[in-house]
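Engineer: Please put together the full structure from these sequences, using the hints given.
In the order they appear, the protein sequences are chains A and B. Counted from 1, the first sequence has number 132 at position 127 by this note's numbering; the numbering is strictly sequential. Counted from 1, the second sequence has number 659 at position 155 by this note's numbering; the numbering is strictly sequential.
Think of the hints as simulated: they come from the structure by calculation, not from any bench. For clarity, every value in this text was computed on a predicted model and none was experimentally measured. The C-beta atom is built at its ideal place from N, Cα and C for all residues, glycine as well.
Keeping only pairs whose Cα atoms sit at most 20 Å apart, straight-line, the calculated SDA-like set for lysine to any residue is:
| id | chain 1 | residue 1 | chain 2 | residue 2 |
| --- | --- | --- | --- | --- |
| 1 | A | Lys-122 | B | Leu-677 |
| 2 | B | Lys-675 | A | Ser-114 |
| 3 | B | Lys-675 | A | Val-127 |
| 4 | A | Lys-241 | A | Ala-65 |
| 5 | B | Lys-675 | B | Glu-661 |
| 6 | A | Lys-9 | B | Met-505 |
| 7 | A | Lys-398 | B | Gly-523 |
| 8 | B | Lys-675 | A | Met-347 |
| 9 | A | Lys-177 | A | Asn-90 |
| 10 | B | Lys-675 | A | His-118 |
| 11 | B | Lys-675 | A | Ala-348 |
| 12 | B | Lys-589 | B | Asn-550 |
| 13 | A | Lys-55 | A | Ile-29 |
| 14 | B | Lys-518 | A | Gln-389 |
| 15 | B | Lys-619 | A | Phe-393 |
| 16 | B | Lys-518 | A | Pro-382 |
| 17 | A | Lys-122 | B | Gly-674 |
| 18 | A | Lys-134 | A | Asp-297 |
| 19 | A | Lys-398 | B | Ala-524 |
| 20 | A | Lys-174 | A | His-101 |
| 21 | B | Lys-675 | A | Leu-117 |
| 22 | A | Lys-241 | A | Val-57 |
| 23 | B | Lys-675 | A | Leu-119 |
| 24 | B | Lys-653 | B | Thr-693 |
| 25 | B | Lys-589 | B | Asn-552 |
| 26 | B | Lys-675 | A | Ala-106 |
Residues on chain A that point at chain B, a partial pick, calculated with CB under 10 Å:
| id | residue |
| --- | --- |
| 27 | Ala-312 |
| 28 | Val-313 |
| 29 | Gly-315 |
| 30 | Glu-316 |
| 31 | Ser-317 |
| 32 | Asp-341 |
| 33 | Leu-387 |
| 34 | Gln-389 |
| 35 | Met-390 |
| 36 | Ser-391 |
| 37 | Pro-392 |
| 38 | Trp-394 |
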Amino acid sequence: MIEKRIDMIYTDNNATTRVADEVIEEMLPYLGQFYGNPSSMYDFADSVNKKVRQARAQVADLINAAPDEIIFTACGTESDNAAINAALNAFPRKKHIITTAVEHPAIRSLCLHLQEKKGYKVTFVPVDKKGRLDLDTLYSAMSDDTAVVSVMWANNETGVIFPIADIAKKVKERGIWFHTDAVQAAGKIPIDVKAEGVDMLSLSGHKIHAPKGIGALYVREGIKFSPFLIGGHQEKGRRGGTENTASIIALGKACELANANLPLLNTQVREIRDYLETRLLDEIPATSVNGDRENRLPNTVSIGFDAVEGESILMLMNQAGICASSGSACTSGSLDPSHVLMAMQVPFKSAHGSIRFSLSHYNTKSEMDTIVETLIPAIDRLRQMSPFWENGKVV
Amino acid sequence: MWDYSEKVMEHFLKPRNVGALEGANAIGETGSLSCGDALKLYLKVNENERIIDASFMTFGCASAVASSSALTEIIKGMTLDEAAKVTNEDIVDYLGGLPKEKMHCSVMGQAALKKAIADFRGIQILEKPGEMVCECFDVTDLEIIDAVKNNDIENTENVTNYLKAGGGCGKCLDRIEEIVHKTRASMETDSAPD
Chain A
6 MIEKRIDMIY TDNNATTRVA DEVIEEMLPY LGQFYGNPSS MYDFADSVNK
56 KVRQARAQVA DLINAAPDEI IFTACGTESD NAAINAALNA FPRKKHIITT
106 AVEHPAIRSL CLHLQEKKGY KVTFVPVDKK GRLDLDTLYS AMSDDTAVVS
156 VMWANNETGV IFPIADIAKK VKERGIWFHT DAVQAAGKIP IDVKAEGVDM
206 LSLSGHKIHA PKGIGALYVR EGIKFSPFLI GGHQEKGRRG GTENTASIIA
256 LGKACELANA NLPLLNTQVR EIRDYLETRL LDEIPATSVN GDRENRLPNT
306 VSIGFDAVEG ESILMLMNQA GICASSGSAC TSGSLDPSHV LMAMQVPFKS
356 AHGSIRFSLS HYNTKSEMDT IVETLIPAID RLRQMSPFWE NGKVV
Chain B
505 MWDYSEKVME HFLKPRNVGA LEGANAIGET GSLSCGDALK LYLKVNENER
555 IIDASFMTFG CASAVASSSA LTEIIKGMTL DEAAKVTNED IVDYLGGLPK
605 EKMHCSVMGQ AALKKAIADF RGIQILEKPG EMVCECFDVT DLEIIDAVKN
655 NDIENTENVT NYLKAGGGCG KCLDRIEEIV HKTRASMETD SAPD
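Structural biologist: This is the structure:
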């Protein structure tokens, strides 16, 4: 049996999160004894149906939506695909999509596919060196041919937050649908779909302490939605397939907890993130933060260490039980650093050595100390070995 | 996570022969910051053309460090003629295998060694022979043909794994496929019985 290290420090919460104990407790009965199909006509199934309804309300609450505006899906990727698919179906003559250069592959690869195989024109709106969106380019790209604009709420690698309310307003003025991938933003910053004027929004369970395999798509009432998964009458005909009841109930509970923990994220978690960032910048030379430090998720920091390579850093951290991720090429099997860091024109000297730490409320300040104390000798060691490091600087 | 052999991890965590070598009389450099990995190989060669010491400095992932470390261990004590015959496969074997996506780390070792030997013998490698195919990673058609023949590569994906070619913008992938195709066709003709 694989055992978890007791001294493990988990700072990769933008990749996935620990399932909250309360969530497991809430979902377990529906994996076990309460296995009824929520559509069936007897009390045994109706009790499950009631819990699914409750979960729908809990998810809706997190983003200030109405329960009927929530569709359960299998993941963030499905939500994104379903949203774009619905928009293209609603406007079959429109052949233009606008998105950003820094989207998650769920949107990015889909848009590239639509461009390469389906004859759509896609505008990938660039970002500046701090990862901020070029809004002028976005707005001037809108045309009568544009079916949908999809802009992530916050970036997964840098945590940079985009001005969703402003964008949604301008997009809607043109009569274009607006979708946002809020997989990283949900549960970390307040989200109000009504105030922000969003048409469709994707979120994912496993990023907010629910299990993997469950997501949700918010579809504003009045949007002419067509299903992506065609099948039974589930989700009011908007998504076929028997409900993943236990996971739906888990997602509901996770959203309730996320709502309650939002203040914690923006105080305690933000503080220890800032503490980690400050110590790394102060105590390790030639180190820089990727992205706009002002408008950023409270839990995320992407930090570049000049002249060293990310995978090597991760491997040395792994020796100490520290889990984080890297924007470097070598970790993914691709050969270029992440498209996000490239879009931000992060120089190669630090792009290849960029590490993302993403925290949760389970992290502690003393863990941040351990990370810093592990990284100081690790970076030094790799730099001693690097042909691009001489006398304390990059050559 | 990569499925690294114990030997790779051991050479990454405790690399042999790290750092600039005092008194080195041959140096071979390959890779760059933009490529994501680079190796600077130092050799001390005696009057009988025997490598009496070797060291390296590497920027790159665990397998790049391990490949460099392994290379220096392999070539120490060899004559330059013997070293000239060392291939990337020797490095891979020494390490008990590398994930296929990481083969280019071993190729980098072989390339740096070639350059160091040329450096000692005063041979200038000014321009690479052949026609440029992958501009992102500076790989020519002759290098691709060599890699296909030496490593029995069957598809473009493995060309990228071994040489990185095609792993950047991807514009040259069709051209690589064509080269793989032609090279394999010629290999089959070459080995066909009379």
